[in-house]
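S.K.: Residue strings, one per chain:
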Amino acid sequence: MPTAPQALFTARALTKTYRMGEVEVQALRGVDLDVYPGEFIVLLGASGSGKSTLLNILGGLDTPTSGEVHFHDHNLTAADERALTRYRREHVGFVFQFYNLIPSLTARENVALVTDIADRPMAPEEALAWVGLTDRMDHFPSQLSGGEQQRIAIARAVAKRPQVLLCDEPTGALDYETGKLVLEVLARINAEFGTTAIVITHNAAIAGMAHRVWRLANGRIAGVEKNERRLSPAELSW
Amino acid sequence: MKSLDRKLVRDLWSLKAQVLSIALVIACGIGGFIASFSTHESLLQSRDTYYDTARFPHVFADVKRAPRTLLGQIAAIPGVSEVALRVVRDVQLDVEGVAQPMVARMIGFNPEKPQAMNRATLRSGRWPSPGARGEVVVNQRFAEVRGLRIGSTIHVLLNGRREALSIVGTALTPEYIYPTRGGLLPDDEWFAVLWMDENRLAAAYNMEGAFTSALLRIEHASGPQAVIAALDRVLEPYGTRGAYGRAEQVSNKIVSQEIEQQRITGTVLPSVFLLVAAFILNVVLHRQVNAQRLEIAALKALGYDDAAIAGHYLKFTAVIAALGVGIGILLGIWLGRQMTALYADFFHFPEFHYVLSAWVVGAGSAVAMAAAFGGTLAAIRGVIRLRAAEALRPAAPALFRPLLLERLGGARLLRLLTPGQRMILRNLERQWLRATLAVAGIAGAIAIVIAGTFWRDAVGYFIDVQFHAAQPGDVQLGFVEPVSGSAQYEVARLPGVQEAELARTIGARIRAGHRSYQTVVTGLADGARLQRIVGRGAGGELHEATPIPGALLLTARLARRLGVAPGDTVWVELMDGQRIGSVNARALTVGAVIDELAGMNVWMRMSELNALAGEGPLASSAALRVDAAAEPELLQRLKEMPGVATVIIKRTLLDTFRKTTARNLLFFTAILTAFAATIAAGVVYNNARIQLAERAWELASLRVLGFTRGEVSVLLLGELAIEIAAAVPIGCLFGFGLASLMVSLMHGENFEIPAVILPATYLYAAATAIAAGIISGLLVRHRIDHLDLVAVLKTRE
Ligand SMILES: Nc1ncnc2c1ncn2[C@@H]1O[C@H](COP(=O)(O)OP(=O)(O)O)[C@@H](O)[C@H]1O
Ligand SMILES: [Mg+2]
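Chains as they are written, first to last, in the numbering used here: chain A, 1 to 238; chain B, 1 to 797.
What the hints contain is simulated information worked out from the structure, not anything from laboratory work.
Among these hints, one or two may not hold up.
[Unchecked claim] Sample of chain B residues with no beta-carbon within 10 angstroms of chain A, all distances over it, derived:
#	residue
1	S3
2	R123
3	E260
4	A341
5	A388
6	Q578
[Said to hold, decoys possible] Label-pair ranges, simulated between beta-carbon atoms:
#	chain 1	residue 1	chain 2	residue 2	range
7	B	S701	A	Y18	37 to 43 angstroms
8	A	R229	B	R430	36 to 42 angstroms
9	B	I730	A	T65	28 to 34 angstroms
10	B	A721	A	S66	53 to 59 angstroms
11	B	A378	A	N75	31 to 37 angstroms
12	A	S66	B	W432	48 to 54 angstroms
13	A	E192	B	E698	45 to 51 angstroms
14	B	S14	A	R229	48 to 54 angstroms
15	A	N75	B	E711	46 to 52 angstroms
Beta carbons: idealized from backbone N, C-alpha and C, even for Gly.
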């Protein structure tokens, strides 16, 4: 099937095999997918099903063992480390389960880390205002709660105005209320900036807010669902 | 400021104590380098400038007595550009208030027509007026140590007649930058250089129209070898002791050796510091990179490229290195000035400035930077290799295995240990590379103290052998002219003399094939007890030898130089006595060789040497054993004896030597100890801090379980204690190796100071490292005591 011209990501027959000495782990066993601009996608699956692996490949942090991935007309499969770095710098915003902030930098400085190197970034203050942390800008990560840290991580990710936001279990380490707050921020960014978002979770309840839901099992996409009506994060409950 | 740089500043600040301790180790290295090399340059430049402006000769020759009419013949030697002839005589000197007779080297000086070469610089007063009776200029050093002023009177025995001389000035000469007659120990307090009207000196010795010393300057292109050979041929009939170049000129030789020594010290010791600094940086940066795996992964995910991230960690190193270099330059300049001041006291230049050239600072900084970056390269490679996708996965728990000892079936033994002790051992084994580096670093510190302070032991040993074992006598007399054997009884009857022994020494050239060496043949009385021939066996044990009837006994060093072995024949060409010169050369067998610490000696039986010289039983020196109580009386008598040219009192010679070296050694010992403590502390402290950072979680957990602060500290500090304990013997071994290396690099042409190190030195070095370890331990202990349990347990690492 020819690549749909308007697709943001297209992946065909992606596999990823990890080799640890004698043992081979097949993390991805042939994944095909298309992602369209502005989509909010939730990636569900049991632990070990290959979610992070897939996300990392889409984000240019990792390369597949075989198969092809394209971002627009960039062929990520063929790209070298330099090209991947440029790709991440220009187009991708990452949010991780454990925030991965630099502990020796304040909230504002953590965001500035990205605006220092991005092309047309927003001001760190603006990004922090977006996630509602204007009054915590000069706090160090150790002085902030988990939810606040994750919102800084999101501010850091969106400050460069990325085309795609990749979030690996962003609520995994957070409690219910805080988790919802974080999801709200993600939904708002998706809605207002049109940023494509792919969010990993193993919490099926979150799936309600997605345009589409992919279920990953054993390194394969076991199913794709389209939500006719998206729920707002406030309507979710788990 | 970029955010990444802000992170750098904060990281550095949070590790400030470690940063400083590493910077200090680097500073010691570059400081030592700059100090040594700037001192080296200062000495070199002062020497060369002085030689140039004073027009120091290139070739020297001493003769018993030769006619000045040879001037034309000498000047005609190809390559010779300038010749000066003069009369030089060693005489007995008596200074009021000094019990012992001393030696003055009288140099004939023409106040109306001073020589164009070998110019002396007047420091105070004036030159003797032409023809004035009894006026002399004295070398500055002697005037200083003996408190002589212009107008002071001294007495000399001029050709047997006691004469009063009035000091009219003080001077310096390139010939005696270091004033000595050339013994193994400094004798500048007993050795004066006096300039006297040439005609008066010549008249006193019936030397009108004659000379005893020739000075030559040669054209640049030609080396001195050909000139020396030609000069020897001209002077041979007049009893020359052989011409020699600057390399053999005593003062120049000592100054040059000292200059060379600075270069060696400046290379060897700083290398150790920089190596250790590189080790520590390696360990610290690895730790830093490991601890920041997730941060690095996040930076990569954010789009920072490898160069930016590697650059960030390189800057970390660069700041530490720059700090070290900065401190090191200041330290080096300070130390260099101190050392130069020490030398200014020791050597006598008209102008002696501290020079510090840009290349020394530049090279020192570059080497220090290179060492620092070299040390961090592996860690930086780790940064680049780190795959973001992998780093983002939660780190697996550290891989622990049963101890090697356990795997080898020593489990039962281990059961005797507490769990805490087992933790220590397992940790050591898991981090074996780091533990090894720590041990190596501490051992390096110990080695530095040893290599820096063992000189005291080695020189002490040398003195023991040369001045106690080989010369058990108290006083050594040199006669103006050889005396008959009956002088034995005369000398023995002097006050306080308990035992007296005569010996004959004759300057000689020894030839073997195309090689030759100019030295002294010593004839010892049979059964001599006050002058012994002491050598070292293969294992360093001392043994004694006696002259071999009908053959020569050679210092092994001389035999090597001549390329001969026992059984070979050498030609002996005497320079004194009735059979001088090459026409009278005799072939003699080398009976044996002996490994003496000093000298290029040729030993014979005294009677055989006299026979070889075609003379009856003559003696040129005497060794005495003296009753200390009667010493003043003896010295007084010796001052009145015109036949005695030199009196060497071993005790006073050794006393001043100890006095001066003790002061210098104290300075260097203090400096090196401080340096070594810096290294040891740098290694131990950084190691402990890293351990603490890596195991904070574990230690905090133990505290939560109810372990006391003391118990927890033991877990961490126990490891350090084991490392220090392991480092002590290794460091002692390194120290011995380093000392041997320095000794072998520095050995003089005709003496060697063995790498003898006393247990006290090893103990001192070990104590320095242990003390540094204890202080570092206490600092870390303080941190353990203040571990914020809640905060530590909250962080995930
Ligand atoms: N770097 C790696 N080395 C070896 N195995 C890996 C590595 N990364 C992931 N895996 C394995 O690949 C599989 C998929 O991992 P991952 O994509 O992280 O799953 P998920 O994110 O869905 O939990 C798992 O079995 C995991 O153990
Ligand atoms: Mg995952």
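S.K.: Now look at each hint and say whether the structure bears it out.
M.R.: Outcome of the hint check:
At roughly 4 angstroms from the closest C-beta of chain A, the C-beta of B:S3 falls inside 10 angstroms, breaking its exclusion from the interface. Every CB of chain A is more than 10 angstroms from the CB of B:R123 (nearest about 63 angstroms), matching its label as outside the interface. At roughly 50 angstroms from the closest C-beta of chain A, the C-beta of B:E260 stays outside 10 angstroms, upholding its exclusion from the interface. Non-interface status of B:A341 relative to chain A is upheld: no Cβ of that chain comes within 10 angstroms, the nearest being about 46 angstroms off.
Remark: the non-interface label on B:A388 conflicts with the geometry, its nearest Cβ contact in chain A lying 5 angstroms away (cut-off 10 angstroms). With a cut of 10 angstroms on Cβ distances, B:Q578 stays outside the contact zone with chain A, its closest approach being about 91 angstroms. Here the CB-CB span from B:S701 to A:Y18 is close to 31 angstroms, at odds with the stated 37 to 43 angstroms. Distance hint check for A:R229 and B:R430: the Cβ-Cβ separation is about 56 angstroms, which falls outside the suggested range of 36 to 42 angstroms.
Checked against the hint of 28 to 34 angstroms, the pair B:I730 and A:T65 fails, with Cβ atoms roughly 48 angstroms apart. Range check, B:A721 to A:S66: about 54 angstroms between beta-carbon atoms, so the 53 to 59 angstroms window is met. A hinted range of 31 to 37 angstroms holds for the C-beta pair B:A378 and A:N75, which are about 34 angstroms apart. For the pair A:S66 and B:W432, the beta carbons lie near 40 angstroms from each other, so the given range of 48 to 54 angstroms is not met.
The hinted window of 45 to 51 angstroms between A:E192 and B:E698 holds, with their beta carbons roughly 46 angstroms apart. The hint said 48 to 54 angstroms for the Cβ distance between B:S14 and A:R229, and at roughly 51 angstroms that hint holds. Between A:N75 and B:E711 the Cβ separation comes to about 59 angstroms, which falls outside the hinted range of 46 to 52 angstroms.
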